[in-house]
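I would like the entire structure built from these sequences, with the hints used as guidance.
Here is what each chain is made of, one letter per residue.
2 protein chains.
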Amino acid sequence: MRTDYCGNIDSSYIGQEVTLCGWVNKRRDLGGVIFIDLRDREGMVQVVFDPDLPDVLEVANTLRGEFCVRLTGKVRPRPQGQVNAQMKTGEIEILGTGLEVINKSAVLPLDWNQENSEEQRLRYRYLDLRRPVMSQRLQFRAKVTGAVRRFLEEQGFLDIETPILTKATPEGARDYLVPSRTHKGEFFALPQSPQLFKQLLMMSGMDRYYQIVKCFRDEDLRADRQPEFTQIDIETTFLDAEGVMSITEAMIRDLFKTMLDVDLGEFPRMTYAEAMQRYGSDKPDLRNPLELVDVADLMQSVEFKVFSGPANDAKGRVTVIRVPGGASLSRKQIDDYTRFVGIYGAKGLAWVKVNEKAKGQDGLQSPVLKFLSAEITDAIIERTGAQDGDILLFGADSATVVTEAMGALRLKLGNDFDLLEGEWRPLWVVDFPMFEEVDGALHALHHPFTSPRGLTAEELKANPVGALSDAYDMVLNGVELGGGSVRIHDQQMQSAVFSILGIEEEEARNKFGFLLEALQFGAPPHAGLAFGLDRLVMLMTGATSIRDVMAFPKTTTAACPLTDAPSPANPQQLDDLAITVVKKTAE
Amino acid sequence: MRTDYCGNIDSSYIGQEVTLCGWVNKRRDLGGVIFIDLRDREGMVQVVFDPDLPDVLEVANTLRGEFCVRLTGKVRPRPQGQVNAQMKTGEIEILGTGLEVINKSAVLPLDWNQENSEEQRLRYRYLDLRRPVMSQRLQFRAKVTGAVRRFLEEQGFLDIETPILTKATPEGARDYLVPSRTHKGEFFALPQSPQLFKQLLMMSGMDRYYQIVKCFRDEDLRADRQPEFTQIDIETTFLDAEGVMSITEAMIRDLFKTMLDVDLGEFPRMTYAEAMQRYGSDKPDLRNPLELVDVADLMQSVEFKVFSGPANDAKGRVTVIRVPGGASLSRKQIDDYTRFVGIYGAKGLAWVKVNEKAKGQDGLQSPVLKFLSAEITDAIIERTGAQDGDILLFGADSATVVTEAMGALRLKLGNDFDLLEGEWRPLWVVDFPMFEEVDGALHALHHPFTSPRGLTAEELKANPVGALSDAYDMVLNGVELGGGSVRIHDQQMQSAVFSILGIEEEEARNKFGFLLEALQFGAPPHAGLAFGLDRLVMLMTGATSIRDVMAFPKTTTAACPLTDAPSPANPQQLDDLAITVVKKTAE
Chain A
1 MRTDYCGNID SSYIGQEVTL CGWVNKRRDL GGVIFIDLRD REGMVQVVFD PDLPDVLEVA
61 NTLRGEFCVR LTGKVRPRPQ GQVNAQMKTG EIEILGTGLE VINKSAVLPL DWNQENSEEQ
121 RLRYRYLDLR RPVMSQRLQF RAKVTGAVRR FLEEQGFLDI ETPILTKATP EGARDYLVPS
181 RTHKGEFFAL PQSPQLFKQL LMMSGMDRYY QIVKCFRDED LRADRQPEFT QIDIETTFLD
241 AEGVMSITEA MIRDLFKTML DVDLGEFPRM TYAEAMQRYG SDKPDLRNPL ELVDVADLMQ
301 SVEFKVFSGP ANDAKGRVTV IRVPGGASLS RKQIDDYTRF VGIYGAKGLA WVKVNEKAKG
361 QDGLQSPVLK FLSAEITDAI IERTGAQDGD ILLFGADSAT VVTEAMGALR LKLGNDFDLL
421 EGEWRPLWVV DFPMFEEVDG ALHALHHPFT SPRGLTAEEL KANPVGALSD AYDMVLNGVE
481 LGGGSVRIHD QQMQSAVFSI LGIEEEEARN KFGFLLEALQ FGAPPHAGLA FGLDRLVMLM
541 TGATSIRDVM AFPKTTTAAC PLTDAPSPAN PQQLDDLAIT VVKKTAE
Chain B
1 MRTDYCGNID SSYIGQEVTL CGWVNKRRDL GGVIFIDLRD REGMVQVVFD PDLPDVLEVA
61 NTLRGEFCVR LTGKVRPRPQ GQVNAQMKTG EIEILGTGLE VINKSAVLPL DWNQENSEEQ
121 RLRYRYLDLR RPVMSQRLQF RAKVTGAVRR FLEEQGFLDI ETPILTKATP EGARDYLVPS
181 RTHKGEFFAL PQSPQLFKQL LMMSGMDRYY QIVKCFRDED LRADRQPEFT QIDIETTFLD
241 AEGVMSITEA MIRDLFKTML DVDLGEFPRM TYAEAMQRYG SDKPDLRNPL ELVDVADLMQ
301 SVEFKVFSGP ANDAKGRVTV IRVPGGASLS RKQIDDYTRF VGIYGAKGLA WVKVNEKAKG
361 QDGLQSPVLK FLSAEITDAI IERTGAQDGD ILLFGADSAT VVTEAMGALR LKLGNDFDLL
421 EGEWRPLWVV DFPMFEEVDG ALHALHHPFT SPRGLTAEEL KANPVGALSD AYDMVLNGVE
481 LGGGSVRIHD QQMQSAVFSI LGIEEEEARN KFGFLLEALQ FGAPPHAGLA FGLDRLVMLM
541 TGATSIRDVM AFPKTTTAAC PLTDAPSPAN PQQLDDLAIT VVKKTAE
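If you're matching them up, the sequences are chains A and B in order.
If you count the first sequence from 1, position 544 lands on 544 in full-length UniProt numbering, and the numbers rise without skipping.
If you count the second sequence from 1, position 203 lands on 203 in full-length UniProt numbering, and the numbers rise without skipping.
Hints were generated in silico from the structure; no laboratory data involved.
Just so you know, not all the hints are guaranteed correct.
Simulated crosslink set (DSS-like; lysine-lysine; CA at most 25 angstroms straight-line) [as the list claims (entries may be wrong)]:
#1 B:Lys-461 / B:Lys-315
#2 A:Lys-584 / B:Lys-584
#3 B:Lys-143 / B:Lys-257
#4 A:Lys-143 / B:Lys-143
#5 A:Lys-583 / B:Lys-584
#6 B:Lys-143 / A:Lys-583
#7 A:Lys-74 / A:Lys-88
#8 B:Lys-583 / A:Lys-584
#9 B:Lys-184 / A:Lys-584
#10 B:Lys-104 / A:Lys-461
Derived Cβ-Cβ restraints for the label pairs, each shown as a range [claimed, not checked]:
#11 A:Asp-416 / B:Lys-583: 58 to 68 angstroms
#12 A:Pro-51 / B:Gln-492: 45 to 55 angstroms
#13 A:Ala-85 / B:Thr-3: 52 to 62 angstroms
#14 B:Ser-545 / A:Val-465: 46 to 56 angstroms
Interface residues of chain A toward chain B, partial, derived using beta-carbon atoms under 8 angstroms [what the hints assert, rightly or not]:
#15 Pro-179
#16 His-183
#17 Met-245
#18 Ile-334
#19 Glu-458
#20 Ala-523
All values derive from a computational prediction rather than experimental measurement.
We put the CB at the ideal spot given by N, CA and C, even for glycine.
Next comes the structure, spelled out in structure tokens:
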């Protein structure tokens, strides 16, 4: 039906006749001459209909936006002054000699020249995706998955599919359930990840596995999450953490080079402890130069209880962020930041402005100055490197609250003061604790199949709180791109971890009996990693939501305005499945 | 941890030291010298432990089947007479100089030297997959998907993901449902195919789409089906049936050449009518030389009502299969075939043996001979080309029964008489009817989005029964590899088809309103096809069940003996989903 794509026609085609199919992007009538921009996936080209060809002009006169047409014409240079150097097709135009309307279009319910509501965009997704920016994102995504696949296949990874209808996981509260017809009263769960299956594949000797795979989580979607999301899932045998990090770092470096011509260089590494201390985050954005500087040692004897209390508490923390140029902040702005840290549980935000430092303490302004000796303020100024015009913002509370609040404040200040440096700052975070304590109980920081680092099962049981895991997260610009670990391949160790996590023997047998059993049959050492594809593509395309890099995302209430899913089920079907509905959400 | 794969060590390594990781496939003790076959994904290699290295020998003595080990050793030629030319590693052996047991193995619950029950194989799938034949099938499958992706991406197809949580389809009875937590009382459905989404992607201008994607169908699994299966799903814009067939035929040809070094040649084409007439099947196995030869015209005046009845009925059919060498069939064997066609509703199976044809009707043996004049038997023998020693088997009944029964009989005879010729016989079946009549109602032979061939909406409504569709199926060795069609891109035509199918306007609006709406906005012509990946890989690997080319299939009752899915749900979860279980399947 066509000889080429619209977006491919450049000056090398001059003099040729081409036939194109596409959509009318814009139509202008300039004194009887009709111009249209004809659009397809590859781009747009300008077409001119001339009164010298009245039959074609007559058809062109009926064209409206988004009509689907087939056009034949002759490529010629644009008149002088009309060349658009920004466009591939900007040097030429096509004189239309034949025109067929394939399908008319009603007036679009979306106006591409203004913001449309998310609801409208999703309801008419097929029209929203016609916008070049959206089309290009999906094309980019397809190229990313192609490049990832090529890289991994060259490295001997096998693409192996794991089940979507599977068993509920320990974090079952967020599982989507699927009633079984043949086993009435029982349910499949949609996988939150193929974790156990990929481990089983390693035990089956598949050696190197990957899959670009849908995962599912029924959770709060406000934080730009989606009920179904896509992972680049990787697992290897006979490789340690170093080996997995090396392959996956090379993969991401290769991807950025291929797709964006960006050289990410070698990724630096940072321990979890250092990341939490300096940046208040386990996924620090290194483009942001602000750091948390600990000053508890200086505050132990000050009269100000807000500082000395946490400074003398083993679980407390006193830290300060120096904001260059921050002395200009108004009282109201400081109040806003105080409210901001309050979201994270901080009870206040002490501050010291540095204005004429040369004058000693006289150059400082602060409501808390009276509590701090010149010796202490000098030491703080020296440690933070504060200069005239800066502000120092203090966090003092339990370490948990301070780290979270000041970590969040650091990000906000970095944006507000426009401090971000550099375009891409990758990072490996390593040496995570095995467990975190929440309300007296231990939880796995990664998942219960993560191997501890250099410990026997007995040593781990003796001191679980201090144990580090063999886990690693890849972080880019403050976003966790992926995370993984060396897995436990020893049955005793796996039982020890379940027992530390308070998973009773019977529960462990019920939920993970097959894994424990599998570990008996010569299970090999294995390790892996999973990347969030949606987030990766979002970062690489500069989109602001993962919804903008998915073809058919759901709304924040997990609905699809296009197909109107979910919807009530046919009573016969519920009967077949032997379930009934107890309560309905009001419309 | 290793320098290479076990299966890669050939005579080019002689003299080198290698370190390998893998599993003990077999251990033999020959007068104090221990031999093991060490296995990994890539193959096996023979290792020798010699009494000259007693420390290593001592460890080797503890080895049992499926122990996971790390071995260091020196590659040397095998002694004369021990060379195995069948194996890549058959010319060498490794003298073990270092050996570490990574993980011991309990005695396997599966015995690889004998048949294991399907249940046991699936329960210990990770062990079943260690068998080289199974491992190689999964590796083959991964290479197939890689080759398909490369082919399609070179042709400009974009890999775009469509939702798994979606809306129930018209064939909703077989949908898996997923209760929504945020919209209590409502359900998502898992897709039986991404049909509507891929059509919407064409309307969004994505031009060429593909996806290797899981689909779901909650149906009887006895016929080697699985609740989740994988499609190679393809859709294109501005291409007609010819265009889609040409690309997808090239893809399959390329795949067979790359993977099996088989040249499939150009695929012949056959109309649906011819396939049903000559082979009694819409997916004829052309390796089978038997054909159905119609003889109704010869039977209209015979006295035998079993023949003359259907021969004079417009909806009847009288046909004959000539089986070379079939005259040797015993009465009991013929009775067995009679029972076989009975499964398909045939009330009998008349036969004529041809023994001394030269003698005329005297050379024929048959209980029905008395009803047939010599003129008629001569005509039948001429038309079927029957020779001495053949048998003619007759089907006479309604065309539906005869076609189905004789089509099935043809396949069975082809196998029983070992008649299959040639290894690979591809075929396109085209010119399907738009609709089939079942109990007076019209059903879509493909699906309701299939375009009729060369008809306006008015013409279609005037004579739906005679209409042909623009659909095409790719068949290989009697298996439907894939099917597709040109889709309807005109709103009037789509409404006409819905109305012919008896889908009321309101129902159409409820179920497909979004599709009808989308057709208003300059929808382009589009067409596509979907291949069954599991079936394709099964054929290519010579496996006898799709379960043997899937990593973790379900049983015929749609359960997973490995993870024990499906399983009862946590009551709190059901509460959150606002559903209750009415009835349980007894254990």
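Hints and how they fare:
1. B:Lys-461 / B:Lys-315: With Cα atoms ~23 angstroms apart, Lys-461 of chain B and Lys-315 of chain B stay inside 25 angstroms; holds.
2. A:Lys-584 / B:Lys-584: 23 angstroms, holds
3. B:Lys-143 / B:Lys-257: The hint holds at about 13 angstroms.
4. A:Lys-143 / B:Lys-143: 19 angstroms, holds
5. A:Lys-583 / B:Lys-584: 21 angstroms, holds
6. B:Lys-143 / A:Lys-583: 48 angstroms, violated
7. A:Lys-74 / A:Lys-88: 17 angstroms, holds
8. B:Lys-583 / A:Lys-584: 21 angstroms, holds
9. B:Lys-184 / A:Lys-584: 5 angstroms, holds
10. B:Lys-104 / A:Lys-461: It holds: about 23 angstroms lies between the C-alpha atoms, which stays within 25 angstroms.
11. A:Asp-416 / B:Lys-583: 58 to 68 angstroms: 60 angstroms, holds
12. A:Pro-51 / B:Gln-492: 45 to 55 angstroms: 34 angstroms, violated
13. A:Ala-85 / B:Thr-3: 52 to 62 angstroms: 55 angstroms, holds
14. B:Ser-545 / A:Val-465: 46 to 56 angstroms: Taking Cβ atoms as reference, Ser-545 of chain B and Val-465 of chain A lie about 50 angstroms apart, which means the hint holds.
15. Pro-179: Cβ of Pro-179 of chain A sits 6 angstroms from chain B, so the hint holds.
16. His-183: Holds. Min distance 5 angstroms.
17. Met-245: With Cβ-Cβ at 15 angstroms, over 8 angstroms, it is violated.
18. Ile-334: Nearest chain B Cβ about 39 angstroms off; hint violated.
19. Glu-458: 18 angstroms, violated
20. Ala-523: Holds, because the Cβ-Cβ distance from Ala-523 of chain A to chain B comes to roughly 5 angstroms (cut-off 8 angstroms).
Hint compliance for this structure: hints 6, 12, 17, 18 and 19 are not met, and every other hint is.
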